[in-house]
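Asker: One-letter residues, chain by chain:
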Amino acid sequence: MKDLLRFTTAGSVDDGKSTLIGRLLHDTRGVYEDQLESVRKASRDGNAEGLDLALITDGLRAEREQAITIDVAYRYFQTPRRKFIIADTPGHEQYTRNMATGASTASLAVILLDARHGVLPQSRRHAYIAALLGIRKLAVAVNKMDLVDFRREVFESIRKEFGAVLAKLDVEEPFFVPVSARDGDNVATRGARTPWYDGPSLLEYLETVDVAPAADAGPLRFPVQLAIRPNQDFRGYAGQAVSGRLRVGDRVLALPSGLETRVASLTGQEACPTVCLAEQIDIGRGDMLADPAAPPAVAREFAATLIWMAAEPLRPDTAYLLKHTTRQVCAYVRSVRHVVDIGTLEPGPAAELRLNDIAEVEIETHQPICFDPYRRNRATGSFILIDMISNRTVAAGMILDQVNTHRSRERQRAAGAVASEPTLSQPHRGLTVWFTGLSASGKTTLCRAVYERLAARGCRLELLDGDTVRKHLSKGLGFSREDRDENIRRIGFVAGLLTRNGVIALAAAISPYRAARDEVRASIGDFVEVYVNAPLEVCEARDPKGLYRKARAGQLPAFTGIDDPYEPPPRPEVECRTDKESLEECIAKVLAAIDRALER
Amino acid sequence: MPSENSHLEALEAESIYILREVAAEFARPVLLYSIGKDSSVLLRLAQKAFSPARPRFPLLHVDTTFKFREMIEFRDRAAREAGLELIVHTHPAAAEGANPFRLGTEKCCRLLKTRALLDAIARHGIDAAIGGARREEEKSRAKERVYSFRDAHGQWDPKNQRPELWNLYNGRIDKGESIRAFPLSNWTEMDVWEYIALERIPVVPLYFAKPRRMLLRAEMLIALDYDVPPEPGDRIETVLCRMRSLGCAYCTGAIRSTADTLPKIIEELRGFRRSERENRVIDHDREGSMELKKREGYF
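Chains as they are written, first to last, in numbering that gives the first Met the number 0: chain H, 0 to 599; chain P, 0 to 298.
Be aware that a few hints might be false.
Stated by the list, open to error - Stretch-level coverage of chain H by chain P, calculated; a stretch enters the list once three of its residues show a Cβ under 8 Å from a Cβ in chain P:
no.: 1; region: 98-112
no.: 2; region: 266-273
Said to hold, decoys possible - Taking CB as the label site, the calculated pair distances span:
no.: 3; chain 1: H; residue 1: ARG250; chain 2: P; residue 2: ASP150; range: 47 to 53 Å
no.: 4; chain 1: H; residue 1: GLN231; chain 2: P; residue 2: PRO262; range: 43 to 49 Å
no.: 5; chain 1: H; residue 1: ASP316; chain 2: P; residue 2: ASN159; range: 44 to 50 Å
no.: 6; chain 1: H; residue 1: CYS329; chain 2: P; residue 2: GLU105; range: 56 to 62 Å
no.: 7; chain 1: H; residue 1: LEU496; chain 2: P; residue 2: ASN4; range: 53 to 59 Å
no.: 8; chain 1: P; residue 1: ASN159; chain 2: H; residue 2: GLU160; range: 37 to 43 Å
Honestly, the hints are just simulated from the structure, not real lab data.
Note that this is a predicted model, so its numbers are computed, not measured.
Built from N, CA and C at the ideal position, the CB exists for glycine as well.
So that you can see chain H by itself, here it is in the shape it has in the complex (with noise of 0.2 Å):
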């Protein structure tokens, strides 16, 4: 039997990493002739002295040209027990990134270390990015042990220093091997120059180490990739079971609709089947099936950890596309909690993410996926951010939990529990629910608070908030009564365009003039009046963003409730009080309105 072991290499700049794959592969015969000619050729070349081994993995021109290995690269090769496939990584300048990237798909790190230098700073980083990214396993190699005259104080030394850095991260016992990758000492097979040392190679604990899970570990998740249909009677998902097993007969929960059917049939490999259900469910790609039993997170806000991957930093306000299983959906970096001092690997303040920062943060999506914590299950707690205008891969991410308070809800709701409300995969209509009232009078708290729920619920939905379209669809229309009826028309298309096409549109305006309010009402038919009520007295006090103070200053010329009037709507669907009822009452009322709307 043979499987397969994948893993990744790092190590500062001239610890000999490179000399050491190079070794490996030609230890393995995993380097042919013609390119070892290749690389004495270039030994000859350059200045490297005899065979240079680096110059076997150093693949590209320029990495040639500058003696550096720039990108990840994928190296081969195979012993009669196993075949290795090794993330070989840089060390220098980008190496968290790189590092991250051949680490995700590694079960396996090693880790080099100059005898002569001992545990650096970059040591340590690079046992902490292995750790975090889900690596387990780790082998410690003591390089270039011909410069210290293979003296075992030297190795014992650095195994007991770095031991102890690895015993804080969350990883199982490091194994220690002290090698001359220049020489072979150790690393394929065992040196004469260390009797002191009794364990096996490198390349004999790469052969031995258990690092394969079980297959079926964990519960069922298995993320559809698409849907198979070669004609009208067959129906099937393709799709892999990234944890747990798929078998006939066994029940599973299609999320996020929360249906549960079971498996009628499995045809295709084993390990990457195409599955048929005995309901005939309404799911496609990006969708998941899971153990009813232990069903993953569905929510829109989580907690994860980020490693930011570009050049350019991350935008707060801007949407990310953010692909997950096989899911892709518009994300927020809501916030960022703390940023990991890459010095102390401890966390420091908050600050602007730039390339290579390791973060956590809490993330909003529009639509809710299906995951897991990444410390369970690497496949469902993984997910890349996609910046929208450039396409480029700007952040890797680790979900590490939800946030939000409807963890329970979604939970039991998944599970099939609650079922009154409307999902995804029943579609709802379109409506407008419009919020009127005076600044300050807590219109887009409110309206953001339905919003929350109602995209809690699956439903699709958009919000259109005043302060945000006077800056894009309205920008440069002042506050005359005639670009206020112009302001509340642009507001009132859109929002007919979106309840026209099933969306419940949420738009918050002050929107004083009572005609107007009515002639979007007319023109649109579904439509909610929310009417957000607080005296004026209220309003100014609570003023928050300083206008009612430059109203009465007379710096703010027409500001409505001070000179101009706000003509209040005589038979709203909704009023709510917001100076004498609280926020979840305002809520309730809301929401039942809708609900009202939508059974009409």
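Following the hints, complete the assembly by docking chain P onto the known chain H.
Answerer: Positioned in the frame of chain H, the structure of chain P alone reads:
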């Protein structure tokens, strides 16, 4: 379930996953079918990935008109049997007499392969081209992504690639740009042959040793499918030989071999001390040849 070939099962599952991702994420993907052993494996994996439906993409062959005649017969039969549309694209310069003898191998390759591929991608509005390239084949390919981004001119920028983590491939492109997808990235030559033997996948008979009439020039064994301008010292002999990799007839040398069955090929491979692309003239035009060609858009 532990098995004899769990490494092949892992590779197979990964490749099928990638093929399905490409089918799901792109509007107009094609499978670059170059008729060799890697293409044969790729086609089989594509059939498995969408079974019981047919693969969701046509085959595209960039025909330089200098391929071995047995390859063309094999190609047409493979496409017919798989029930897949076959797009064959040839650069017009081939009809006007472009050939490696007149242009030199480097220019010939740039025109009839690289340019022709880019033209075909543009003409058919292809947004993803699935290829059988493996990272192990050549050192610049070792740094290739599974989803390799190509700009509107089909060019590869090795220093500015998208980070690729886990199996979350970024397929976002703008109009005119494309992705080259490589489902066999992690396979080695040995894996490919072991899989062909395990799955009994048909391959072009040129891979099997038999006595063939060949042109002997220095160390090279050149096929006689096309007229090769003679050089002093050329001899024509019947040689027991086979092809280790398949490209254009003139630019792909044969190797002396007695391996006429799959087990013998695998056995021979175990003893090989030379790389599989050694006999590909085009890889050795100059140092870093493959990287330069890939930058220009070569597959």
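Asker: A separate judgement is required for each hint: does it hold in the structure or not?
Answerer: Structure-based check of each hint:
Against chain P, the region 98-112 of chain H contributes 4 residues with a C-beta closer than 8 Å to a partner C-beta. That satisfies the three-residue criterion, and the hint holds. With a threshold of 8 Å between beta carbons, the proposed coverage of the region 266-273 of chain H by chain P holds, since 7 of its residues qualify and at least three are required. Under the hint 47 to 53 Å, the C-beta atoms of ARG250 of chain H and ASP150 of chain P, about 48 Å apart, fit the expected range. As the Cβ distance of GLN231 of chain H to PRO262 of chain P is approximately 44 Å, the hint placing it in 43 to 49 Å holds.
A C-beta distance of roughly 26 Å is found between ASP316 of chain H and ASN159 of chain P, which places it outside the suggested range of 44 to 50 Å. At roughly 47 Å, the beta-carbon separation of CYS329 of chain H and GLU105 of chain P lies outside the given 56 to 62 Å, and the hint is violated. Distance hint for LEU496 of chain H and ASN4 of chain P: a CB-CB separation of about 56 Å, consistent with the stated range 53 to 59 Å. Between ASN159 of chain P and GLU160 of chain H the beta carbon distance is about 38 Å. The supplied range of 37 to 43 Å therefore holds.
In this structure, the earlier hints numbered 5 and 6 are contradicted, and the remaining ones agree with it.
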